[in-house]
Amino acid sequence: MSGPSRASAPDAILLRTSINGDAVQVAIEPHHTLLEVLRYQLDLIGSKQGCDKGDCGACTVQIDGKPALACLTLAVHAQGREITTVEGLGDAHGGCHPLQDAFDRHDAAQCGFCTPGILMSAEALLRKCKRPVSVDEAREALAGNLCRCTGYTKILDAVVDASESMHGGSEGAK
Amino acid sequence: MSDTNEMPTHETGGQVGGVHRKVDAMERMRGITRYTDDLKLPRMLHAKIKRCPHPHAKIVSIDASAALAMPGVHAVITGKDLPTPYGIIPWTPDETALCLEKALHVGDGVACVAADDEDTAIEALDKIEVTYEVLEPLFDPEEALEARDNPINPFSRKGNLSKKVLLEFGDVDAVLEQSDVVVEGDYFFEGTTHAAIEPHCALAHVEPGGVLTVWSATQVSHYLHRELSKVLELPANRIRVIQPPLGGAFGGKSEPFDLEFCVAKLALLTGRPVKLLYTREEVFYSHRGRHPMKMKYRTGFTKDGKITGVDAKTILDGGAYSSFGLVTTYYSGQLLCAPYGFDAYRFHSRRAYTNKPACGPKRGHGSVQPRFALECQLDKAAEQLGLDPIDMRLHNDIGDDAVTVNEFRVGSNGFSECLRRVRASSGWNAKRKELPYGRGLGVAGSTYISGTNYPIYPNEMPQAAVQITLDRSGRARVFSGANDIGQGSNTMLAVIAGNELGLPLEDIRVLSADTDLCPVDLGAYSSRITLMVGNACLEAAQKLRRAVCEAVGKRWEVPRKRVTLADGQAIDREDPQRNVPLAEAFQWAESDNGLMSATGSYNTPKDRHGEYRGGTIGASPAYSFTAHVAEVEVDAMTGIVDVKTIWVAHDCGRALSRKIVEGQMEGSAYMGFAEAIMEQHIVDPGHNGVHPGPSLLDYRIPTFLDTPELQALIVESPDAQGPYGAKEAGEGPLHPSIPAIANAIYDAVGVRMDSLPFTPPRVLAALQARAEQERAGTLKPHKPAREMA
Chain F
137 MSGPSRASAP DAILLRTSIN GDAVQVAIEP HHTLLEVLRY QLDLIGSKQG
187 CDKGDCGACT VQIDGKPALA CLTLAVHAQG REITTVEGLG DAHGGCHPLQ
237 DAFDRHDAAQ CGFCTPGILM SAEALLRKCK RPVSVDEARE ALAGNLCRCT
287 GYTKILDAVV DASESMHGGS EGAK
Chain R
1488 MSDTNEMPTH ETGGQVGGVH RKVDAMERMR GITRYTDDLK LPRMLHAKIK
1538 RCPHPHAKIV SIDASAALAM PGVHAVITGK DLPTPYGIIP WTPDETALCL
1588 EKALHVGDGV ACVAADDEDT AIEALDKIEV TYEVLEPLFD PEEALEARDN
1638 PINPFSRKGN LSKKVLLEFG DVDAVLEQSD VVVEGDYFFE GTTHAAIEPH
1688 CALAHVEPGG VLTVWSATQV SHYLHRELSK VLELPANRIR VIQPPLGGAF
1738 GGKSEPFDLE FCVAKLALLT GRPVKLLYTR EEVFYSHRGR HPMKMKYRTG
1788 FTKDGKITGV DAKTILDGGA YSSFGLVTTY YSGQLLCAPY GFDAYRFHSR
1838 RAYTNKPACG PKRGHGSVQP RFALECQLDK AAEQLGLDPI DMRLHNDIGD
1888 DAVTVNEFRV GSNGFSECLR RVRASSGWNA KRKELPYGRG LGVAGSTYIS
1938 GTNYPIYPNE MPQAAVQITL DRSGRARVFS GANDIGQGSN TMLAVIAGNE
1988 LGLPLEDIRV LSADTDLCPV DLGAYSSRIT LMVGNACLEA AQKLRRAVCE
2038 AVGKRWEVPR KRVTLADGQA IDREDPQRNV PLAEAFQWAE SDNGLMSATG
2088 SYNTPKDRHG EYRGGTIGAS PAYSFTAHVA EVEVDAMTGI VDVKTIWVAH
2138 DCGRALSRKI VEGQMEGSAY MGFAEAIMEQ HIVDPGHNGV HPGPSLLDYR
2188 IPTFLDTPEL QALIVESPDA QGPYGAKEAG EGPLHPSIPA IANAIYDAVG
2238 VRMDSLPFTP PRVLAALQAR AEQERAGTLK PHKPAREMA
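Protein chains in written order, with the numbering used here: chain F, 137 to 310; chain R, 1488 to 2276.
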């Protein structure tokens, strides 16, 4: 789905939510997904649509801190919740999250289309673990995100590296 | 500017061979890069295509009146609005933007609607009444070739034969007759598709001055530009094509698609911007993926394992349209004559039209399938002759500065080094003897082209051109028509320009793939960009470097050659304390010469192939080489093949940017692994030719958990034809994945997997067949199982 909605339609719902820390109010159509509202009404284009049916993970955002597929989430579900998208990922880190920096150093993004979703899944893992993570932990956490370019190797390198730079050393990763 | 032949200056700016942050990666990771579907224009309309539900049908009538009467619907077009046939290969224009008289596969487009929003467009599709006369479909390529009186494609001139190539070099029959061993094998390669995560998308708008601008997720802006001009009957100078950042392609976006013509036509008709984004299902039906190939091989060997001759017979299942099929048919044979030297070769390839989505180029175009067959043949011969498969391949290496049996000239060749690297890293020698039943190692090798010697349409103009402009703030702008599809070509150009001009990458702005701003480039296909566009960029950058050094030398009253550009400065080589920031050096040069801008052009050497008909197809300025070792574990109870590790050694000539090269090697090995183990792009004849699972769930591609350990080993055998010696790295490393895994399965459990993919039912069936032979006493047990503890 690529189009903005007929937002003036009579059955529009007023969505009140928080996106990347900003209070947002927007009239939405009840059948539209969170991904459609983010991308086409709010112009938050960082969350990508690869399949529109929950198969690829490119649209992964966080709802109340947990990774969620925005293409399978009706926008009304965001009512009163806190949404974080890739655009807000670096907010607490001076604009660039250590994961983004590690992905950049490791050339972990080729086309970069799956990257926003992978970053949102990876950030949730790192925040949950609060310690350096192992390659296998990263694999498990990212299993719902498809990448077609990299063969995953450099992404795993970057996630482990970022977890070490955030939480020091490699101890605890074994 | 006299000394244009001076040696590459590796030491100049220190960029070449390093590790780089890509010039455009951080913006992608911050989610602010605008891919095609991220573009939005005022008053933009949304388009959707109505697609045929039948595999083969005559279109009797189309009634769009009810759709047009809907509020919010602005226009509907059908095949009659865009009747000019086109095709990426100029000799085979056999498709139209929307079907004219017939639909040739499920998913063929018949009409396109533009509406205020996508919901309305989708509703309108249902209101378009299409009356079909359903025709008998042909799904099997051999049956289609037989059905001469029932041509599928209305533009076909030879029934359902899309292309036939028969080439023979040397006396194959005599050579095979005299060989000590002749291995015969039948192989089948199931089709696979690209599955880039970004679906195809296009946006068109007629600018106020009347120029039609088309933004498209394409990897061939220039060819799209040409075909738009032809089909829309607009002069090319009234059309601008822009490729926004691209979300993966792998060959799946390397020709024009219906959506580009449709949005352009609808924008012209409505006067408003029109965008169309494929659904994932539409991506699967648009396809243009790897051809299914049925291959019959006879390969002769001497007792000591030297290949004597190869006889190949191949049927390609082309689907409904030609796409690149003429080239694919040649490639199915032409790209097989290295890395091994042999004296006689015959290939006979026929491509058939069938009522399926059209096949085209996928990473490793045309040669991944026959490479699978040939490398399995070699493994069978090695076993029969009692030779180590790596030794046997080393023994057959054609070497450097060689001429292949089909008369291609090979320059640098690091194949033997690739074999030695995978042998050492995998622990081949010890491990292969020790691994118990169920575990195994397999090897395979390959070669690939670094661009094709000739462009798709014959012309004598450069195949690549780059323009570089310096600005007074000490930066460079690189203008290139090349399509960065995620492979990092923008960064490659920045590395070359930065190396020559002494600039850090952040001071280089690469503007690419915009037909109004950039010189023509032919696109991201056949692994041509690093060699061709890289050479053009190097030439332009060297011209500027010399002019800047000249201007600095003049002011320092030293010869130009004493001045070097590095680390953002012009430096006196003999007195490094004397230096000046590049911004100032550029200003001196601009004062002396006017605006500092230079162009570089590249054209291929024309003396690197034979003179026979077809001898130019598959010829390249330089060839890359690859070897893989795969380690597998096969569960004999379930037939599940677990690929543990793939060691991939690739001779890329020279790695201009090491992590980017590794990424290409890892991504290639992953993609080949996926094709070996799980992927198959098929339609179901039992269900009217529909795709059994056109989604990223049902068409399984490997996740983080499925993908084996990938060990990338860069081999550098610099080639005189490449910039700083560089050759390709994006497609070659895929080729050996599949046969290395097949050969490893044999090593593990003693069954030959000659049909793809190696799914559990197929592996189990092969294991059962072997078990029966073992019970009957015609085969000995393959190898001992691990001792029980």
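These are computed hints drawn from the structure, not numbers from a lab.
Careful, some of the hints might be misleading.
[Claimed, not checked] Derived DEER-like restraints, expressed as beta-carbon distance ranges:
1) 1545(R) to 227(F): 55 to 61 Å
2) 1921(R) to 210(F): 53 to 59 Å
3) 1921(R) to 227(F): 27 to 33 Å
4) 210(F) to 2192(R): 44 to 50 Å
Glycine is no exception: its CB is placed at the ideal position from the N, C-alpha and C atoms.
Checked hints:
no. : hint                          : verdict
1   : 1545(R) to 227(F): 55 to 61 Å : holds, 59 Å
2   : 1921(R) to 210(F): 53 to 59 Å : holds, 56 Å
3   : 1921(R) to 227(F): 27 to 33 Å : violated, 53 Å
4   : 210(F) to 2192(R): 44 to 50 Å : violated, 29 Å
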